[in-house]
Amino acid sequence: MNFTKRKPIDSRLIFLGLIIVLVLLPVLFPNPARVGMFIGCGVASVLAMGWLLILRIGCLSLGQVAFLGIGGYTSAILSQKLGVSPWFGMLFGGICAGLIALGIGLIFLRIRGLYLAIITFAFAEIVRLVVSTLEFFGGHGGILEIPKFPALSIPGLGIVKFDSPFSCYYILMAIVLISGIFMWRMDHSALGRTFRSLPQNEDLAESLGIHPLRYKVISFVTACFFAGMVGAFTAHYYGCLYPGSYSPMHSVIVQIQATVGGAASVAFGGLLGGFLMVMVETFLLNVDSRWVLIFYGTVIILITFVLPEGLLSLPQEIKKFRQKA
Amino acid sequence: MAILEIKEVTHNFKGLTALSQIDIEVQEGEILGIIGPNGAGKTTLFNNISGFIKPTKGEILFRGENIVGLRPDVIVRKGVVRSFQGTSLFPAVSCLGNIIIAHHLYKEFGFWETMLNTKSYLTREQEVREKSLAILETLNLTDKKDVAAHDIPYGYQKMLGIAMALATDARVLLLDEPVAGMTPQEALAMTEEIRRIRSGLKKTIVLVEHNMKTVMGVCDRIVVIHHGEKIAEGPPEFIKKDPQVIEAYLGTDET
Amino acid sequence: MQLFLNCLVLSANYILLALGLTLIFGILRALNFAHGVLYITGAYVVYALAKLMGMNYFLATFIAMIIVGGLGLLIEASILYPLADRVKVAALGAILGVSMVIEGVLAFIFEGEDVTIGSFFTGTVSIAGATLSMERIMVVVLCGLIMVGVYGWIQKTKQGMAIRALAENPRVANLQGINTRLIRFLVMAMASVVAAFAGAIVTPLFYINPFMGGHVVFKALLIVAVGGMGSIEGSILAGLLIGFVECIGVTYLGPIAEVISFLMVITIFLFRPRGLLGVEYEFH
Chain A
1 MNFTKRKPID
11 SRLIFLGLII
21 VLVLLPVLFP
31 NPARVGMFIG
41 CGVASVLAMG
51 WLLILRIGCL
61 SLGQVAFLGI
71 GGYTSAILSQ
81 KLGVSPWFGM
91 LFGGICAGLI
101 ALGIGLIFLR
111 IRGLYLAIIT
121 FAFAEIVRLV
131 VSTLEFFGGH
141 GGILEIPKFP
151 ALSIPGLGIV
161 KFDSPFSCYY
171 ILMAIVLISG
181 IFMWRMDHSA
191 LGRTFRSLPQ
201 NEDLAESLGI
211 HPLRYKVISF
221 VTACFFAGMV
231 GAFTAHYYGC
241 LYPGSYSPMH
251 SVIVQIQATV
261 GGAASVAFGG
271 LLGGFLMVMV
281 ETFLLNVDSR
291 WVLIFYGTVI
301 ILITFVLPEG
311 LLSLPQEIKK
321 FRQKA
Chain B
1001 MAILEIKEVT
1011 HNFKGLTALS
1021 QIDIEVQEGE
1031 ILGIIGPNGA
1041 GKTTLFNNIS
1051 GFIKPTKGEI
1061 LFRGENIVGL
1071 RPDVIVRKGV
1081 VRSFQGTSLF
1091 PAVSCLGNII
1101 IAHHLYKEFG
1111 FWETMLNTKS
1121 YLTREQEVRE
1131 KSLAILETLN
1141 LTDKKDVAAH
1151 DIPYGYQKML
1161 GIAMALATDA
1171 RVLLLDEPVA
1181 GMTPQEALAM
1191 TEEIRRIRSG
1201 LKKTIVLVEH
1211 NMKTVMGVCD
1221 RIVVIHHGEK
1231 IAEGPPEFIK
1241 KDPQVIEAYL
1251 GTDET
Chain C
2001 MQLFLNCLVL
2011 SANYILLALG
2021 LTLIFGILRA
2031 LNFAHGVLYI
2041 TGAYVVYALA
2051 KLMGMNYFLA
2061 TFIAMIIVGG
2071 LGLLIEASIL
2081 YPLADRVKVA
2091 ALGAILGVSM
2101 VIEGVLAFIF
2111 EGEDVTIGSF
2121 FTGTVSIAGA
2131 TLSMERIMVV
2141 VLCGLIMVGV
2151 YGWIQKTKQG
2161 MAIRALAENP
2171 RVANLQGINT
2181 RLIRFLVMAM
2191 ASVVAAFAGA
2201 IVTPLFYINP
2211 FMGGHVVFKA
2221 LLIVAVGGMG
2231 SIEGSILAGL
2241 LIGFVECIGV
2251 TYLGPIAEVI
2261 SFLMVITIFL
2271 FRPRGLLGVE
2281 YEFH
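Protein sequences appear in the order of chains A, B and C. Heads up, the first sequence is in my numbering, so the first residue is 1 and it goes up one at a time. Heads up, the second sequence is in my numbering, so the first residue is 1001 and it goes up one at a time. Heads up, the third sequence is in my numbering, so the first residue is 2001 and it goes up one at a time.
FYI, nobody ran anything at the bench for these hints, they're computed from the structure. Just so you know, these numbers come straight off a predicted model, no measurement behind them. Please note that a few of the clues may not be correct.
Taking lysine-lysine pairs in the PhoX-like style, the calculated list, with each CA pair at most 25 Å apart, reads [claimed, not checked]: (1) B:Lys1078 - B:Lys1054; (2) A:Lys319 - B:Lys1145; (3) A:Lys320 - B:Lys1144.
To list a few chain B residues with every Cβ distance to chain A over 10 Å, as calculated [stated by the list, open to error]: (4) Ala1189; (5) Lys1230; (6) Ala1248.
Footprint (simulated), chain B over chain A, 3 or more residues, beta carbon under 8 Å [as the list claims (entries may be wrong)]: (7) 61-67; (8) 181-189.
All C-beta atoms in this analysis are idealised placements derived from N, C-alpha and C, irrespective of residue type, glycine included.
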């Protein structure tokens, strides 16, 4: 692993390019269904990025969507029952998810390996069962008629309405960019370095003055905060929430999307995986929804055997291949 | 006052007594050797001192302060660092990266300074990098700085491990089998290094070893542990002739 | 009493799966998430053959066991063995992938409503004032027989000993001339067959859908983890524990009772990570 200061120009140029592309996407493909798909891509990306960030500390999060749900439900209930504006709702959704992540993180992140993965799964299931049973959370039917984003008065643009996929897309992109930059920065800083040391030799890290739990919690809470925020966004964008959309299957799909993207870079891997997979998935849904499951299954099997480090490792692998030949 | 005092430390584990009433005083600046047959409890003692496990009874005082019950990373901050048996490294990280990580305690940085890439953070990172490169230079590993740690020769790995322990700037080093698996030349280089650390850097060293030649050669004093109990203590010439020690080691002498 | 027996049925079902998982884990050192899908495939094969094609139930079950056994072997040969040395994350992904593919295929073929075969064994029996269908009693009896059979086989026979040797120390077992590959196949086949059987006997009792596999295998995994990875006795014990807790909970509290089993599992991991009867095991 190379800790030499990466020439910032490279990454910053790529970032700039990405930002431009992301901003222009709905302009280039204004079809509302397309934009809707891009929104799905963005949501998946944030989740995938979070998943990869958690992977850095050596934890396999099998319950990522639980925090999506926590954010969503928090914001939905706050806006429906307390009249909180969805704009603040998103923030609270993230905060709530982050706090819960903090709570369970402090207790469970001491556990290592597979058991931790099982616990993330168990937690996600507990959340799902709770929200699908208790009436307060709307039970099986979920929550309907969640307020959408109210119009804002933006200086220079006048009154901007957020009632179409087009405008909501930009809200999401703001979240994607903020979370991407935040998680990228975290991963590339001394924090990321410390994260990586933990799965390799936690005892040694501890003996060098690193407090493992602190760093695991930082990674976990960050990932879950953004997942919560994005969850709140989806609640207001779609206007409804169903517990069924936070099932274990969805968590596995997050894992697959992130793995396909590539663990080399938290931000880029997550973005790549999220966007690509959702685009293919949407295409397949239009053809025949039954293919989606088979698709995801085949993809992960292929990736595991052919390109285990994900698509980001393609350039390296091609280089290695050429060197052998 | 001794820099490290182990007072009546007992450690029971699943019905077995790993350590029983261990009393050791480590004087500042000395090189103390701990020897004993396999399974005698030496690593358990290190684990207790460095905070990975807690003694069932007894106290461990570092500069007069009881460090029992403190977390390992807190104990390092106070000034006691340990290395592990085998190789004490982050295997997939580069050599340079390993040493950089080991400098974790150097001018500790806060969360937001890191995230916002502040001037002080950048300065600190630069300093750590320079210090680490300098350390690699003294270890003759400059050309391997970007090589993953588990890809360098074993002898170098052990040296790297020691360098990492030093990077914590702790006053007391607990070294667990520093010359295990080394060739005689490598072991000699290591003992030279240990002496240098003591006199040049003014550190106190406690080491656990099986290699008698090393132990007799480099330690000021030796403590012998057998079946979890201290059975002898004294300078090397003394220990060599102690009948109890000889009996405990019958057939397991490694020179 | 009725409750007790219902719980027993549930437990028995879980235990059969847990047994397979724990064996696979103990010997192949792999977490076969695909086990649930094997179970459901077994159920669907029986359904397809017995209900749709009118085949005899027992014959259908037998064929299902063979098909699923073959499927299991395929998985072992193509996925588990090649990935045996890889990091757990990688193998996990691939196995999940396999389950997804198979689930997807099942969904493709059998889309629509949940299905069931309907009771095969007719008649009821009265025990201690509770009425039970013969069906359920047969299930418990058969499960029990298989459990005893598997346990006895592992403990007593030569092959069983070879398996246990492999579980303890793969390298030494190899040196002793034990054919590792063959043993792995044997274990996988056995576990798959048992899974298919568990699926088959359950079809007459419950409605099945292609997605049950994940749920069921996760329960089995919890049981294996709680009972102790690789411990057969542990799986049986934990299976009874979790099965009963869940069954009683669901009867009185409804579906949310599953939370209790999850909480139980979490608690056990916190305080006794190796499981009730397990041995310490390091994960990569």
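The hints, checked one at a time:
1. B:Lys1078 - B:Lys1054: Within the cut-off at roughly 17 Å; holds.
2. A:Lys319 - B:Lys1145: This hinted pair holds, its Cα atoms lying about 22 Å apart.
3. A:Lys320 - B:Lys1144: holds (21 Å)
4. Ala1189: Ala1189 of chain B is indeed farther than 10 Å from all Cβ atoms of chain A, at 23 Å.
5. Lys1230: Fine: 24 Å to the nearest Cβ keeps Lys1230 of chain B off the interface.
6. Ala1248: Holds: least Cβ distance 29 Å, greater than 10 Å.
7. 61-67: violated (count 0)
8. 181-189: With 4 residues in contact (Cβ-Cβ under 8 Å with chain B), the coverage given for the segment 181-189 of chain A holds.
Checked against the numbered hints above, the structure breaks only hint 7 and satisfies the rest.
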